[in-house]
Amino acid sequence: MNFYLLTLIKVAVVAGVFLTALAYLQWIERKVLAHIQLRPGPYRVGPHGLLQPLADVIKLITKEGFIPSHVNRFFYTLAPVLAVSLALVSISVLPFGPRIEVFGIETWMQLTDLKIGVLFVLAVSAVGVYGVALAGWASNNKYSLIGGLRSSAQMISYELPYAVAIAAPLLLLNTLSFREIVNAQSGYYFGFLPRWTIFQGPFPQIISFLIFLIAGFAETNRIPFDLPEAENELVAGYHTEYASMMFASFFMAEYANMLTVSLVATLMFLGGWNAPLPLPVSGFIPTVILVLVAAICFYHGAQPYRKWDRFTFPAAGIISLGLAAIFLVPILQPILLPLFWFIAKAGILLFVFIWIRGTLPRFRYDQLMHFAWTFLFPVAMLNLLVTGLMVALFGK
Amino acid sequence: MDPFLFLLLAAIAVICALNLVVQTHPISSALSLVGVMGSLAILYLLLGAEFIAAAQMIVYAGAIMVLFIFVIMLLNAQGERLTRRGAYVKIFGVPLMALFLGLVAFVIQAALPRSEMVHFGGFTHGGPADIGRSLFTQYLLPFEVVSVLILIAIVGAIVLARKEID
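Residue numbers (our numbering), protein chains in the order written: chain Y, 1 to 396; chain Z, 1001 to 1166.
Do not take every clue at face value.
So the derived list for chain Y, only partly shown, Cβ under 10 Å to chain Z, looks like this [unchecked claim]: (1) 119; (2) 126; (3) 136; (4) 153; (5) 207.
Some residues of chain Z that are not near chain Y, with every Cβ distance over 10 Å (derived) [as the list claims (entries may be wrong)]: (6) 1005; (7) 1010; (8) 1013; (9) 1027; (10) 1031; (11) 1034; (12) 1043; (13) 1055; (14) 1076; (15) 1090; (16) 1116; (17) 1122; (18) 1127; (19) 1135; (20) 1158; (21) 1159.
If you are wondering where the hints come from, they were derived from the structure by calculation, not from laboratory data.
All residues carry an ideal CB built from backbone N, CA and C; glycine is no exception.
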C-alpha cells in the first residue's frame, strides 16, 4: 500500500486514540482520587460520569478566551501552544506493538522508528519546559512568575537523574531505537523470568527504574513535585492568568507528559509489549481476568445496591465476557495480546501516578532541590557506573 | 529538495539570529537564540549527524538556554532602550559591514577552494556509536582535556560566586 496513505491512516488512529486517552485519563484520575478519599467522584454526566470528559471539553471550548491587559501578548499566546505541541510530539516515535498484518498489509504499530528515538524523547522533554516558563513570565503576575521560575529550576535539576537513569539500561540494550529496545527484552530466563531490563543480567535495572519514575514525576510537575502550581502558595502557579482552551492546553500537556513518561518507562524497563510469562500461559491471562471481572459484575448485579444496578452490572458483565471471547480468537491474538500487555503495564504506571497524588503531600522547595542534587543524582550516577562495570566484565 | 530545505532552514536560522540582535527585551533575544539552535539541529539531522542534532537540542536548547531564561526571569530584566547612534556609526556602519562579510566570504573561498556540495543523507557516520568510538579512540586526549577544563570552570565559578564567610 502507498506509504503516505498508510502513514496518514496511522497518524489519524494514533492521534485519535491518544487524545481520547488524555480526556479519559482525567476522568480516571478524578474517579481514583475520589475513591481514595471515599467519595463517588463524577457521577451525573452519563453512567458513572463516563461522559464527563466530553462535558468538560465543551465547557472549556465555549468559555470566553480572555487575555488580560497586563500580559505580554505574544508570549502569553505562544506559551500554551508550545506546551501542548511539545507534549504531544513524543508519541510519534513510541511503538505500541510488534509488526502486525491487517487485511494483508504488514506494518509496525508505531508511527516512525528513529535510530535515536530515546534521544528524541529526551530532547523534546528538555525543550518542553519553555511552555511553562514562558507562561509564568508572560503573565506578568508574581505568582505566575514564581511558578515559572520553580518549573525551570526543577526541570533543569531533574533532567539529569532522568537522563542518567535512561542511560543505564541503554548500556545493557546497546541501541537507541525503541523498536530494538523492546526486541532486546524479549525471551525468558529459566523459562519464566522475563528478560525485561528490570530483571536483565548482568545488572538488573530496578534502581534506575525507580529513579526514572521519581524524576518523571518531577518532569511532569505531578504531586509530590507540583511546586510550579502549588495552589496553597501560588494561587494556581504558572497558569493563574489563563482561561478557556489556553488553560486546557496546559492540562492536556500535563496529562500527555504523564502518558509519555509511563509509555517510555514501559518500553525501557518493563519490556514493552512482551508478556510477563511465556506464550501458552500468558495467552489466557487476559481472558481469565475479563471472566473474573464478568463474574464480579454478575455477583453485584444479583445483589443490587441501587435499583438500576440490576441492569447495568449484568450488561457490563456481558461486555467483558464478549471481550474475553475476542481474546481467544487465534487470528486476533497476535494483535491483541501485545497491545493488552503494553496497555496493562502503562496503565499500572499511570495508576501509580494517580495513587501517589492521592497519598503523598507536596515537598517543600528546598527539600525538592536537596533531594535531586544530593540523593537522586549521585545514586543515578553510581548506578550507571556499576552497570557499566558489570556490562564490561560480564556482558556479551 | 536539498537546496530548498537547506535554504528554508538557513533562512530561519539567519532570521532568528537577526531577531536576536534587533530585539530589545532579553527574553525575546534568548528565545530567538533557541530558534537558531533548533534550526541548526534540524540541519545537522538532515546532514546525517543524528547524535549531534539530539545533543544540540538536549544540551543547548534544553539545558543551557533554560538556565539563561531562568536567570533573566529571576533578575526580572526589562527591555533595554536603544542608545542613539553617533555620526561615525551612521556613516561607516553599512560599508564596514559589507567589507567584513566580503572578507569572511573571501577567507572561506580561499580556505576551501572547490569544496563539493553536500547532500542530505549522504553522510551516514553520525550515529551515537560512531561518535562514541571516535571520542574514545582518535580524540581521547582532547576529550579528556575538555572535561578537565570544564571542571576547572565549574570550580572557578563556585569560587567567584562564594560569599565570604569568616
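- Message: Of all the hints numbered above, which does this structure not satisfy? Sort the numbers upward.
- Response: 5, 9, 10, 11, 13, 14 and 18
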